[in-house]
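Got chain A sorted already, so can you dock chain B onto it with the hints?
There are 2 protein chains.
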Amino acid sequence: MTGERTRGTERGPGRPREERVTGAVLNAVVDLVVEQGMGALTMDAVAARAGVSKPAIYRRWPTKQDLVIAAAESRVGELSVPDLGDFRAELRVVLTTRLEAYRLPGSARLIAGLIGAAAEAGPGRAQYAQYTERITSETRHILERGIARGDVRPDTDVRAAATLVAAPLLFRLIGEQELPDARLVETLVDLVARAVGSAS
Amino acid sequence: MTGERTRGTERGPGRPREERVTGAVLNAVVDLVVEQGMGALTMDAVAARAGVSKPAIYRRWPTKQDLVIAAAESRVGELSVPDLGDFRAELRVVLTTRLEAYRLPGSARLIAGLIGAAAEAGPGRAQYAQYTERITSETRHILERGIARGDVRPDTDVRAAATLVAAPLLFRLIGEQELPDARLVETLVDLVARAVGSAS
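Chains A and B supply the protein sequences, listed in that same order. Each residue of the first sequence is one higher than the one before, starting from 1 at the first, in our numbering. Each residue of the second sequence is one higher than the one before, starting from 201 at the first, in our numbering.
Pulled out of the complex, with its shape left as it was, chain A reads as follows:
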C-alpha cells in the first residue's frame, strides 16, 4: 500500500519482487487451467505452483474470479494501435494480435473456463464484462479514428461494429473448437472493412 504504481521505473526494493510474484502467480494460473482445467484451480494449488503464500495471492486478487481474469488478461489484454493512416491496416493489427494470443497452447481452455466461471460468479460477473470492455476498447478507438479520418462511414454504430470485430475469432476458437488462422483474419479484414468502410 505504499506509493503509487509506476511503470518502467523500479522505486524501492519492493518493486521487482512484486512483479516477480505477479508473474509467477499468473503463470501458475494459466498452467493449471491449461493442463488440468478450471476444476484444478484452487488457491492452494496456485500458491504451491507459484511458490508464494496464499495471503500474498489474496492481497492482490481477493477472489478466484479476479485471478482468472488477470491470468486471461496477461494473454489477451488491452491493445494500443498507432495511427497507420488506414483503418484496414489498423484492424489487421488488432485481429492479428488477438490471433497470436488465441493460438497459444491452452488459450481455448483458459477463455472457455473464464466464461463458464463468470456465469457462476454472481456479482463478480460485472468484472468479466469490464474485462471485455477493456479488451475491445482499442477497436472502438480505431473505428472512431477512421470516422474522423474519413475511411470509416460516419454513421457507423461503433459499439456494434467493435462487437462484430471481436466476436468471430473467439467463436471460431471456442464455439467451432478450431484454431483461427491468418487466412480467417484476412477474410475478416475484408468483410469488416466492407461493412464499415466509406465508399471511396
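Hints may be right or wrong, so weigh each one.
So the derived list for chain B, only partly shown, Cβ under 10 Å to chain A, looks like this [said to hold, decoys possible]:
1. Ala-319
2. Tyr-328
3. Arg-359
4. Pro-368
With a straight-line cut-off of 25 Å between C-alpha atoms, the simulated DMTMM-like cross-links for lysine to aspartate or glutamate are [as the list claims (entries may be wrong)]:
5. A:Lys-64 x A:Glu-78
6. A:Lys-64 x B:Glu-273
7. B:Lys-254 x B:Glu-320
8. B:Lys-254 x B:Asp-286
9. B:Lys-254 x B:Asp-283
10. B:Lys-264 x A:Glu-178
11. A:Lys-54 x A:Asp-66
12. B:Lys-264 x B:Asp-286
13. A:Lys-64 x A:Glu-18
14. A:Lys-64 x B:Glu-376
15. A:Lys-54 x A:Asp-31
16. A:Lys-54 x A:Glu-18
17. B:Lys-264 x A:Glu-120
18. B:Lys-264 x A:Glu-176
19. A:Lys-64 x B:Glu-320
20. A:Lys-64 x B:Glu-235
21. B:Lys-264 x B:Asp-244
22. B:Lys-254 x B:Glu-300
23. B:Lys-254 x B:Asp-244
24. A:Lys-64 x A:Glu-35
25. B:Lys-254 x B:Glu-218
26. B:Lys-254 x B:Glu-273
27. A:Lys-64 x A:Asp-44
28. B:Lys-264 x A:Glu-35
Simulated from the structure, these hints should not be mistaken for laboratory data. Small disclaimer: the values here were computed from a predicted structure and weren't measured. Note that CB positions come from ideal geometry on N, CA and C, so glycine has one too.
Using the frame of chain A, we list chain B on its own:
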C-alpha cells in the same frame, strides 16, 4: 428401442411417453442450470426434478455433456428459413430467431455453462463443435442461396461469413454480459449485408 423415430405421428403407445420424458428431462436441465448453475447439474438432481429414473436419462443421454447440449439445443436449435427472395430478409429471420432464444431467462447462464463444461469435456468437446455446426448451418445455406440468387457476392467465404453472423449476438450476451436487442439485430443486418452483399 422399438421402431424408428417418427415425427408428427404417434405410433404405438410408447411414443407420447417418450416425448414426455424427453421434454421433462430437458426442462429440468434448463431449470437447474438457470436457477442454480452448472455445479448443481447432477444426474440425481435431473432425475428428481424431472420425475424420471436415472436409467431413463442415461439411455437417451449417456453423458452429462450430451444432456447439456440437448438442453441448449432445445432453446437454440437448427433453423430452417424459407426462400424469401432476399438475403437481408433471410438474415433478419436467422438473427431474430436467435435473439428471441438468447433473451429467454437464463440463456446466458445455460450457454456459458455449456461453453465452460465443453472445455473440460476432453473427447466430448467434439460434440459441442458438432452442435455449433448444426446451429450455424442455416446461415451457410442462406449465404449459398444468396450467391445463387445474385444478392450475395460470389467470392464470399461462406464459412467465415457464417461465423461473422453467429458470433456477435453471443458475444454481446456472454462477453459483454448484456441482453442483445432488436436494434443490435438491425445494425448487424446492415453490417453483414454490406460485408457480403453484391453491389447492385
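> Checking against the hints above, which ones are violated?
Replying inline: Failing hints, ascending: 6, 8, 9, 12, 22.
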